[in-house]
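With the hints as extra help, turn the sequences into a complete structure.
Protein chains in written order, with the working numbering: chain A, 2 to 293; chain B, 9 to 284; chain C, 1187 to 1661.
Since the hints were made in silico from the structure, they are not lab data. The C-beta atom is built at its ideal place from N, Cα and C for all residues, glycine as well. Check each hint, because a few of them may be wrong.
Taking lysine-lysine pairs in the PhoX-like style, the calculated list, with each CA pair at most 20 angstroms apart, reads [as the list claims (entries may be wrong)]:
| hint | chain 1 | residue 1 | chain 2 | residue 2 |
| --- | --- | --- | --- | --- |
| 1 | C | K1414 | C | K1391 |
| 2 | A | K196 | B | K14 |
| 3 | C | K1266 | C | K1282 |
| 4 | A | K102 | B | K271 |
| 5 | C | K1266 | B | K228 |
| 6 | C | K1559 | C | K1311 |
| 7 | A | K47 | C | K1331 |
| 8 | C | K1570 | C | K1252 |
| 9 | C | K1570 | C | K1282 |
| 10 | A | K9 | B | K108 |
| 11 | B | K188 | A | K9 |
| 12 | A | K102 | B | K19 |
| 13 | C | K1452 | C | K1651 |
| 14 | C | K1263 | C | K1287 |
| 15 | A | K4 | B | K104 |
| 16 | B | K188 | B | K104 |
Partial chain B-side listing against chain C, Cβ under 7 angstroms, derived [to be verified]:
| hint | residue |
| --- | --- |
| 17 | I130 |
| 18 | F133 |
| 19 | Q134 |
| 20 | S137 |
| 21 | T222 |
| 22 | S225 |
| 23 | L237 |
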Amino acid sequence: MKKVLENKTAIAIFVLPALVIYSVIVILPVIWSLYYSFYSGSPGLKWEFIGFDNFLRLFGDSNFKASLAVNLKYISIVMLGQVGMGLLLALMFYFWLKRFKNVIRTLVFFPVVLPTVAVGQLFQKIYEIQPNYGLLNSLLNALGLTGLIQPWIGQASTALGSLCVMDIWVAMGFYAVIFYGALLDIPGDVIEAAKIDGAGGLQLFRYILAPLLRAMIITCLIFSFSGTVKMFESATALTNGGPGAATRSLSMYMYNVSFTYNKVGYGSVVALFIFMLCVLGSSIIRKFDIKE
Amino acid sequence: MKKGLKSIAIKFVIICLVVIEIYPLFWMLTASLKQQSEWTSKPAYALNSGFYIQNYIQAWTRGNMNIFFKNSFICTVVSLFFIVLFTVTVSFAVTKMRWKLGEFVGKYFEFGIMIPVATALIPLFQIYSGMGLLNSRLCLIITYTAFGLSLSILLTTGYLRSFPDEIMEAAVIDGCGIYKLVWYVVVPLMKNAIVTVLVLQFFFKWNDLIFSMTFISDQKLKTVQTGLLYFQNEFGAKNWGAIFASVSMCVIPMLILYMILNKRIIEGMTAGAVKG
Amino acid sequence: MKRKVLAGILSATMMTALLTGCGNKQTSDAGGQTEAKTESAVKTESAAKTESAGGTEAAGGTDSVKPSAAEDPKLTKNMKILSIWAEDNDNGVLIKALCEKYQKEVNPNFTWDYEVVSSDNLRQKVATLVASNDLPDMFVYESGKPIVDLIEAGKLVNVSQVLKDFNCEDALNPSAVSLLKSLSGTDDIYDLPLGMNVEGFWYNKALFEQAGCQVPKTWDEFEAVLSKLKDAGIQPIACGAADKWGATRLLNAYLVRIAGPDVMAKADEGISKYTDKDYVKAAQKMQDWANAGYFGEGVNTVDMNTAGSMLMTGQAAIFYNGSWFTSNLNDASQNLAGEDGIGFFNVPVVDPYVSDQNSYSMNCGNILSFSQKNYDEATGWFMKYFAENMGDLAMEQQGSVKGYNYTVSAEGASGYTKMVLDTINNAESAFTWFEATMDNEVQNVAKDGIQTLLTGELSAEDYMKSIQEAWDMSQ
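If you want it as structure tokens, here you go:
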């Protein structure tokens, strides 16, 4: 047994090809951009070594700070929304749903498979106000709630919220299915026993389910976190960062800096920051796991 | 009495949720069959008054959709093959095989989910340009494969860790070599996890926009998503019906595929491919 | 391989030439003399130019870029073209038709690859191509600051020089040439125009009649028209603020009328500040109009296309846009207002001594540039053919003016096309758009802020302050 699993040739065959491709295509560019971060301009245009200037610049850059704030808000809302709604849905499937379990589970997973560009276009039309009311506003109109009609993605106050709703909508089915699987793994008699002991819904969740699901919740949080930190495609598709900079994330700012401002060097610094944020955030979430 | 009321309320909530998830898609399909004049004359939620297939014809013929579909399909399927192959071998090697660097290599691969894709664009462009790979399906396939590894390995290692060693031991005692062990014992048992990886990665790769936009300039090699963007610009606001038709055309294959594999996917996901 | 190395060394020397040039620029800047600044910037240009011209000769292996014969020698060439229009759309039609014609009539050895990117991604695409030194032979780009960056890096062919070498300088419309020169701030042009546009207000005649409005000549009359329309229950202006420039153009129109045509250039040169009274006043005007509901609901969700169709379908009365809008107006399926349903007027005047009625906002639209690295004689011949034939082709096929001289008559053109031609002929002076003089970063701040200015979430003072801050940062 041991001998078979210590087979060096097999390990090399298993790991090396993937390791090479991965290192060259994924890791090397990161190191490369670390090198870029010491330069001004972009390759071919005003490309000069400037030492740590790009890093210092980050601290005084109000656009960067604004994007960071947007991004953090987005992370907290969407991460909690996706995981929370997913969990709620899963609990509902498990406890309330008697028939059509499979059908509904299937339907709820649907949006996950859609292309982001398509979802963005769909929601643009849903939130539309001019020249014609979109789905949401015309429904509000039909219900007589004319006071609530507003340019959902056309004003800074509601744009980020609208974007978050879209992203939660897309992903909650995904988390629901994962949590449902985890719930199925919990032995039925544990829950039955708790019910017999007179545990109500909330107590059941707090004392029985939450501890058992803890590991899964943390995995999902990390998963969602690493997706939301990189917030880019959905915001590009729905609002393109607007209005103003109300939905401009760090990644979008980085993209702008690199390609519109032609400052790939400074863009790399922002990219490295996103990377650090991602590492830091995940390790904080992991801390909760180790505690108990 | 109270119980009956409660169950009605529950049903209502569930129906609401399902409607919220599904209605926008249904609406999209009906919208793709609307004539342009319907957008101005009727409220947005109105059903299509006829089946205006013209939208689809226009979207299909004006934009070489068949070529885009072929390209997306080739790039996606080939990269999926390599993703699965590498994922199985690597995750087996780092969880079950015994070597000093095993854990480190596993961490090294998982590290990749932290990397913002846009960082890699310019360096990758230069790498491919140097190797003369730009504007080929190969460079997309390589990129897709490399960027698909991290998440897939993360998913499968979790699954493999919870996988009992006893079965493997039995096989080894029966005289099974390492390659046979992986192929005949481990792979069949990982079926659910593999399906999950396949499906998730299929969606990610099929939906990729940023790489194909950057690396492919030949009209004949473009993928569906870039085609979609092209429609958006081409038709602007003047032809919502055609835009929705083109969006639906991209979505429908996904939905059909999902319907066919649905049971497997959900099983794979619920069977705990994503173990903490 | 050897060639590559050589080219690398040459581009390195080019860079050094550039850097020293930049140094000069900064010193004169510190002196506070703008005159000196422009002069030394131009000098830098020519220094870089000679260097890069030398570079091509060696790297390309050709003896000279000058024509080797009096007639097209039918050189074999595969031209790579990067465009933002599909081949059956807008300028794409013209480029394709021209290539086909050239291949058929002049040079059978000429072939081409046509690539389309969406206009939103043009900058990113070009940036990656520049980074890997892979610019296509001919590509669509933006005039103003974006092209200046490429010129300074020696990436672009000096088009003036080519036209002179190939003896076809008179193919271009002189006012288009002077416009291009002023936009890039150089003595020569580095691009070919793809338009000769005039901007102003398009209005729906039926709606004006319905509300009893006359075409305004002065700004006061304009304001009266707007409020009259509003009172009649008609949305006065359709403004495509989702494409941010749709809104900044309006601001610019008013600003120029109250502060003169060079107002933006002054701020860019540091003579005045973006926070000065007039600038804030113009921003305040936009916010006031938005508050008064002149732009309707959700102005930031409307893009220019939608705004245009709102005008044509009678959902709004006035729409600011350039003369390229005629292609929509000429399309009967889009223009429900009909062949004579839409009119045009220039930005109304505040004070004729500051900026008068015959001063128009003009531009050359997107432009065509040529990669210096790939430049060879065959490209030169193609450029000659392009410059000499584009004017007629555009007039025949689309009835549009592209900035080239044309020989066919415009008699058969539609009423809208003639209206534009007349307007261009009447124009005595021109001013540029809001962001033309701005650095990329300043431009982005100006464009982003306009949306929150319109929703009232950013005050006029703060808006202009943010632009000034971005300008300060970029210095």
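Index of numbered hints that the structure contradicts, given in increasing order: none
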